[in-house]
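Student: Below, each chain spelled out in residue letters.
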Amino acid sequence: MIRARWIQLGTAVVAVGALELICRLGWVRPTTLVPLSAMVQAAIAAAQDPDTLADFGLTLSTVAIVVAIAAVLGVVGGVALHAVPRWRRAAEPFIATYYALPLFALYPLLVVVLGVGTTPIIATGVLYAMMSVAMATLAGLDRIPAVYRKAARVNRLGRVATVTRILVPACAPDIAGGIALSVSYAFVAVIASEFLLASHGIGHAIADAYETFQTQRMYGLMLGLGVCVVAINLGMARVRAHLTTGAA
Amino acid sequence: MAASASVVLDGVGHVFPVAGGRGAVRALEQVSLTIAGGEFFAIIGPSGCGKSTLLDILAGLLAPGEGRVTFDGAEIRGTVPDGIGVVFQDDASFPWLSVWDNVAFGLRGRGLDKSEIAGRVGAALDFMGLKEFARHRPAQLSGGMRQRVCIARTLVLRPRLFLLDEPFAALDQQTRLLMGYELLRLWRETGATVVLVTHSLDEAAMLADRIGVMSSRPGRFIETVATEWPRERSSQILTDPRFGDVTSRLWEKLRAESLRAMGR
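Those sequence lines, one after another, are chains A and B.
According to numbering that gives the first Met the number 0, numbering within the first sequence proceeds without interruption in unit steps and concludes at 247.
According to numbering that gives the first Met the number 0, numbering within the second sequence proceeds without interruption in unit steps and concludes at 263.
Just so you know, the hints here were simulated from the structure itself, not pulled from any lab data.
Computed from a predicted model, the values in this text were never measured in an experiment.
Fair warning: there could be bad hints in the mix.
[What the hints assert, rightly or not] Derived DMTMM-like pairs: lysine to aspartate or glutamate, alpha-carbon spacing no greater than 20 angstroms straight-line:
1) K149(A) with D81(B)
2) K149(A) with E165(B)
3) K130(B) with E181(B)
4) K130(B) with E115(B)
5) K113(B) with D100(B)
6) K149(A) with D100(B)
7) K130(B) with E188(B)
8) K130(B) with D100(B)
9) K252(B) with E181(B)
10) K252(B) with E28(B)
11) K252(B) with E222(B)
12) K252(B) with D208(B)
13) K149(A) with D90(B)
14) K149(A) with D89(B)
15) K252(B) with E227(B)
Taking the hints into account, I'd like the entire structure generated from these sequences.
Tutor: And the structure:
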């Protein structure tokens, strides 16, 4: 364990050192890549800029809305598909090929239907994120031991109480895994949508920095975004580990 | 203490359809039995003879295809009636809840006030020797302790009829013996009727007042053996010559049925 930690740390130090060195020695052009120290400086500057903070806030709140909607729709959809085998059989080919569909191509259609602004971005994000929650919920429900359902009947729980008190908690680690995955999908969809068509948000700020040749700022924003995403994923991993330890 | 109850099975039969509509499997046929209130009754039989199906019917988890089952004079038909507690073979403790919350599970939503729930849970944990593990999660406990959690969860409901479906099957021999004594203590102190399904002849002979031997599928009772042990019994029974007589008699009946179940 300790050895693995040292290997991880050593690899990170070597990678960061190499990045810094090749940039400082001029082996790559500064318009292509900047040293990590310059990225950190730009990220700190961005963190002190109210407009950039507002962009971060908008993107994070959009992702939060997307994940919340995807979680609710995914859990409800997963429970419904599990409860009605006929629906599940009908939906299975669609579920299996869902992520092969070019969902992002629907973005212009969503703009036409929902108008310009945050709504089509949220809709695109939900389309991307909800299926991972639904699939994780289905997988979790499939794994629930039959004896739990018998225990529900012995304790004379109704249908709703069986779902809320036994089925959902029993597959909570799976649902948490699906939600963690949905966070990644939500970031991809929201940033990509902002990058292409929005007038605000961190995706738009990165695109703006790229188009105006502010390479250092672009990398600083990307670094800041990366730190945010990693922090959120670590938090989700801790929640999932807690639920999984309890359910082991 | 819970009042005792009596169970009557009259001509109970059950057939399971085979998936895809390709025939049917008759699990039980003409099962008739009366279990007196406060009696400890064990059921043994070859694998697949319908013991668990019979217990599911007794619990109200499965409606019998034929015949009638009554508990305290009221018919049981596919719904778990008040006063029946079931302990399953598989670990049914909920891993997302603490031991305390597991035991309190069935009491919540029954209109009991918090002090009543706390009192009952505390007493059940105390009875099962789990008080110091109240805040633990089931994953932190051994298999035997998790099964004790399940028994405590049933105990708090104060059932008049305990149904146990091979509850110690997954436990090692020493733990099985200890859990057997715990079960005897529970039976003596609650005055409840106990029906235990087991594969172990020794367990049945040591714990029960009467043992029903089931035939190979379709299951029915081919013999009922009375042990005539005193209610206050201990491990001394294991050295009693009559213990050997009981297990020999059970094995004599069971051997032929087990061979038949194996197709020999």
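Student: Now tell me, hint by hint, if it's right for this structure.
Tutor: Right, here's what the structure says about each hint:
{"no.": "1", "hint": "K149(A) with D81(B)", "result": "holds, 15 angstroms"}
{"no.": "2", "hint": "K149(A) with E165(B)", "result": "holds, 15 angstroms"}
{"no.": "3", "hint": "K130(B) with E181(B)", "result": "holds, 15 angstroms"}
{"no.": "4", "hint": "K130(B) with E115(B)", "result": "holds, 17 angstroms"}
{"no.": "5", "hint": "K113(B) with D100(B)", "result": "holds, 12 angstroms"}
{"no.": "6", "hint": "K149(A) with D100(B)", "result": "holds, 18 angstroms"}
{"no.": "7", "hint": "K130(B) with E188(B)", "result": "holds, 19 angstroms"}
{"no.": "8", "hint": "K130(B) with D100(B)", "result": "holds, 12 angstroms"}
{"no.": "9", "hint": "K252(B) with E181(B)", "result": "violated, 28 angstroms"}
{"no.": "10", "hint": "K252(B) with E28(B)", "result": "holds, 18 angstroms"}
{"no.": "11", "hint": "K252(B) with E222(B)", "result": "holds, 8 angstroms"}
{"no.": "12", "hint": "K252(B) with D208(B)", "result": "holds, 18 angstroms"}
{"no.": "13", "hint": "K149(A) with D90(B)", "result": "holds, 12 angstroms"}
{"no.": "14", "hint": "K149(A) with D89(B)", "result": "holds, 11 angstroms"}
{"no.": "15", "hint": "K252(B) with E227(B)", "result": "holds, 19 angstroms"}
In terms of the numbered hints stated before, the structure departs from hint 9 and from no other.
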